[in-house]
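Just add 943 to the spot in the sequence shown (first one is 1) and you have the working numbering.
What the hints contain is simulated information worked out from the structure, not anything from laboratory work.
Treat the numbers as computed from the prediction; the structure is a model and nothing was measured.
Each residue gets a CB set at the ideal place from its N, CA and C atoms; glycine is no exception.
Possibly wrong hints are sitting among the right ones.
In silico SDA-like cross-links for lysine to any residue, where the CA-CA straight-line distance does not exceed 20 Å [as the list claims (entries may be wrong)]:
id : residue 1 : residue 2
1  : LYS1049   : ALA994
2  : LYS987    : VAL955
3  : LYS993    : ASN982
4  : LYS987    : ILE1031
5  : LYS1018   : ALA1032
6  : LYS987    : GLN1056
7  : LYS1018   : SER1028
DEER-style ranges, computed between Cβ atoms [said to hold, decoys possible]:
id : residue 1 : residue 2 : range
8  : ILE1064   : GLU1014   : 41 to 47 Å
9  : VAL1069   : VAL1100   : 51 to 57 Å
10 : ALA961    : PHE1093   : 35 to 41 Å
11 : ALA1080   : PRO1043   : 53 to 59 Å
12 : ARG1097   : VAL1069   : 42 to 48 Å
13 : ASN1047   : ASN1020   : 29 to 35 Å
14 : ALA1059   : LEU957    : 24 to 30 Å
15 : ALA1007   : ASN982    : 15 to 21 Å
16 : GLN1033   : ASN1001   : 23 to 29 Å
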Amino acid sequence: MKIKVEPIILAVVLCTLAISMFYASLTANAQPNPAESVNPNIQKAYSELKAADDAGANISELAARFNTALELLDKANNGNDTNTSDLIAQANRLLSSIPPDSQNLKSAATAGQQEAARLRIVRIPVGALIVALVAVAILVIRRKVQAKRFAELRVKVKG
944 MKIKVEPIIL
954 AVVLCTLAIS
964 MFYASLTANA
974 QPNPAESVNP
984 NIQKAYSELK
994 AADDAGANIS
1004 ELAARFNTAL
1014 ELLDKANNGN
1024 DTNTSDLIAQ
1034 ANRLLSSIPP
1044 DSQNLKSAAT
1054 AGQQEAARLR
1064 IVRIPVGALI
1074 VALVAVAILV
1084 IRRKVQAKRF
1094 AELRVKVKG
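Given these sequences and hints, build the entire structure.
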């Protein structure tokens, strides 16, 4: 028995493949960095945090460290403490530790996204192929059932 592929199934498979390839090729646009600060350590730490966040990394621990450094700088700016230089030094140590850790998180997140993209490129067309095969199987079964019913029909003769 020769299997004839219905044109509608072929169209559905081709549309699904086209949509899947379009979806897989989408990329997120990078947003401009809104950080405006006088202190270069704050600027650099914020930029690295933003880049890691944009890459999809979990930056909650680094953000807490960043906030702690800002609180220390705020205490130092108030001038109520006698150890202002110690507070500034501690804040700068915290701020300077953020960029390397942020880079590590960013590269781990980027690697994860690349792996997810590779899997998506494979899974979507395979899924479309499975749907097409199921549709063809349903058509073949339907035709067999129709042929069986047709063979069982009895012709009534008048007379």
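Quiz prompt | Index of numbered hints that the structure contradicts, given in increasing order | solution = Structure breaks hints 2, 6.
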